[in-house]
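J.: Protein chains in written order, with this note's numbering: chain A, 1 to 602; chain B, 603 to 737.
Everything labelled a hint here was simulated from the structure, so no lab data went into it. Be aware that one or more of the hints could be misleading.
Stated by the list, open to error - Stretch by stretch, here's where chain A covers chain B in the computed footprint (C-beta under 8 Å, at least three residues):
#, stretch
1, 633-639
2, 664-676
3, 715-724
What the hints assert, rightly or not - Taking lysine-lysine pairs in the PhoX-like style, the calculated list, with each CA pair at most 25 Å apart, reads:
#, chain 1, residue 1, chain 2, residue 2
4, A, Lys-398, B, Lys-715
5, A, Lys-509, A, Lys-474
6, B, Lys-732, A, Lys-398
7, B, Lys-633, A, Lys-416
8, B, Lys-675, A, Lys-398
9, B, Lys-633, B, Lys-675
10, A, Lys-416, B, Lys-715
Positions of the beta carbon are idealized from the N, C-alpha and C atoms, including for glycine.
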Amino acid sequence: MQLRSSQQPLSRRLLGHYLMFGLASIIVLSAGWWLLGQSLLRGHHEHELLHRIDEVRSLIVADQADNNGVGTQALIGLLGSEVWVAYAGVVDANGKFLAHSKPTRIGKIGDRHCLPADHETVIERQIVWKDGTRRREYWAPLGSGKASFGCLQIGVVDDLESAHWNRLTNWLPFAILAPILTLGIGGIVLQSTARTNAAIEGQLCAVSAGDSPSDFQLQTLTEPSPAARGWNRLVERALGQRTTSSLDTKLSQSLGGLLDKRFERILSSLPDGVAMTDKDGHITYANRALGVLLQQSPETAALRGRTIQELFPRDVNLHLGTGQESRPVVFEVPLGATLAEGVLRVGRSPVVGDDQSSTLQHVWTVRDITQQKLADEMRTQFVYSATHELRTPLANIKAYAETLAINELTDPEMQKSFLNTINSEATRLARFVEELLNVSQMEAGSLSLYRTEVDLERLLTEIGDKVRPQMVQKEITFDVQLPPKLPKVLVDKDKFIAALVNLLGNAAKYTPDNGRVTFKVTVALKEIQISVEDTGIGISSDELPKLCTKFFRSTDDRVRVLPGSGLGLAFTQEVARLHGGKLSVHSELNKGSEFIMTLPTA
Amino acid sequence: MNPPAVSAAHSILVAEDNRVMSDVMRFNLQKAGYHVTIARNGTEAWELLQSARFDVLVTDYQMPGLTGEEVCKAMRTHRPDLHLPIIFLSARGLELSVERMKSELGIETLLHKPFSPRELLEAVAKCVEKTTVPV
């Protein structure tokens with residue numbers, strides 16, 4: 001119903017109904033009128049006819065008497081024009097027409113079937129004409145007795161309907177046009193009246209057909225009618241509200257966009273990889289870090305639609321247990337055989353979607369824990385190394401002391417030698433503990449400097465003197481090259497000495513007998529460089545980067561046989577760093593090494 | 603206390619990279635009447651084992667060249683005929699399982715550093731007894 005009404009505009013429907021009912025009523029009225037006319041006509045016909053004949057007869061008689069029949073022809077003419085009269089005439093006693101509705105017949109002999117002398121009253125006669133039509137003829141005597149002068153002949157149209165019809169055909173065009181014209185005018189008036197309502201109805205239909213409550217276009221009307229004015233007010237109010245509500249929508253949309261962007265920015269700035277997968281495991285979102293961590297393109301859009309497993313190298317299996325999707329899991333994924341190749345910690349947490357449906361999405365986090373793993377490994381190594389380094393001198397001390405205790409040593413030289421060994425091992429232990437302390441302070445970041453302005457020349461000479469006995473012992477040429485004028489520097493004297501003694505001690509330790517160690521200081525614009533160069537065993541290029549790592553000791557057998565904690569260079573480097581300088585190394589295996597400590601001058 | 607009595611001239615191979623330690627072991631073992639040979643590292647020890655006959659092997663765990671463990675493995679693979687009792691020395695902690703080393707390497711005992719010279723002598727004496735009794 002609603003559909004059908006919406007197919008045709010209101011004005012056209014109204015017009016259709018109006019015309020339909022209008023035509024129907026015209027037809028019904030016409031038919032009614034026709035039937036009524038017929039029945040009335042028939043009822044009154046006979047009576048009226050006779051009455052009319054009497055009337056005309058008396059008029060003619062009176063005219064004959066008064067005016068000698070002058071007005072008779074006029075009277076007959078008048079009679080002949082009446083509907084029910086086919087023809088009329090006045091016949092004298094000889095049957096000659098004195099007057100006739102068709103004036104051409106005047107003076108001619110008419111029908112002699114009925115003569116005035118023959119009767120006193122009106123005679124009715126049926127006549128069948130040559131063409132088959134039937135007529136009734138009335139013969140009425142004019143005057144009575146001797147005064148009788150003729151007869152009134154009236155031919156009556158027997159089928160009055162056709163007579164009426166004939167008459168009506170003259171009016172037919174008008175009879176058809178008039179109702180149509182009236183209906184047309186009525187239609188125009190109706191349409192102009194209904195136009196406002198039709199326009200409103202049209203818009204309401206559009207509103208009802210719209211998809212969403214806000215999805216419609218309302219228009220104001222230009223008609224001057226009160227209905228249009230009322231409608232216009234409604235539209236204005238609705239439009240006003242819509243503007244407000246659309247403003248709300250826009251505001252929340254743009255705010256949402258802002259929030260989305262903010263989250264996006266936060267996520268993309270995370271060092272951890274974050275991804276979201278749908279129920280099929282395909283990535284719906286991935287941040288920048290994920291691509292970078294998994295050595296994929298940082299273009300996050302390129303990761304969408306792929307699975308997490310696909311992003312890992314082919315030989316890495318995530319071992320994602322099936323049936324465990326609803327539980328959060330965390331696992332470590334090594335990317336290679338060694339730690340240095342990378343270890344990732346991958347977390348997967350289930351997330352129930354916005355629609356609260358059971359379709360499970362997952363949030364993935366990927367963190368690079370390689371450094372952490374390496375640090376863990378290093379710490380373990382540190383403990384191993386420290387234990388070993390502590391135990392070795394301790395074992396020696398214990399062995400010698402017990403040997404002294406259980407054996408009765410008569411040789412004082414041997415006793416002295418044993419005690420000396422115990423002493424030197426104890427010293428080694430003490431030095432190691434000292435280094436360990438320094439390193440632990442270094443580790444904690446609490447290795448602090450007590451900096452004073454020192455006379456560098458004196459300090460360097462002092463350092464040289466400290467290590468000279470070692471050099472002399474191995475017959476190493478110890479070449480000290482100091483510039484004539486040295487700048488004043490602010491250093492922590494004890495740590496500075498310890499660091500340089502370390503470097504010179506190493507040089508002496510790892511340089512074969514009769515080698516050469518050069519201790520050289522150069523002064524540049526804003527820094528001094530203290531170089532320790534030797535002709536020792538050198539360091540292989542593989543081991544050079546690890547040189548200053550705590551507890552690192554070369555795998556070279558020539559190093560392994562010599563005692564050492566692997567902490568000295570780490571300490572020296574830290575001291576240089578704390579002074580705002582650095583320690584750099586150049587070395588060639590079997591040829592020698594050069595350690596350069598660079599310090600800024602005040 | 604007197605060190606345990608031994609029959610003359612059992613030959614002991616000591617593989618120890620730390621000179622100070624090897625010196626004191628040599629002193630104690632010689633004083634107890636053993637014939638002592640010192641190897642400075644695992645490789646040297648392996649070479650000596652192939653060229654001469656020893657009654658007991660005392661070896662450090664951590665050594666340059668071949669480690670003590672590697673020496674033991676090499677011996678089990680290449681010279682199963684030696685049936686040499688082995689005394690292990692280690693500065694490591696409990697991460698070395700004595701039981702595992704006994705079953706896998708066939709060692710006799712493990713001495714944790716620092717150990718007393720008496721413990722060493724007792725362990726060596728035990729090994730020597732084992733090798734001499736059946737003969």
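J.: Which of the listed hints are broken here?
T.: Failing hints, ascending: 1, 6, 8, 9.
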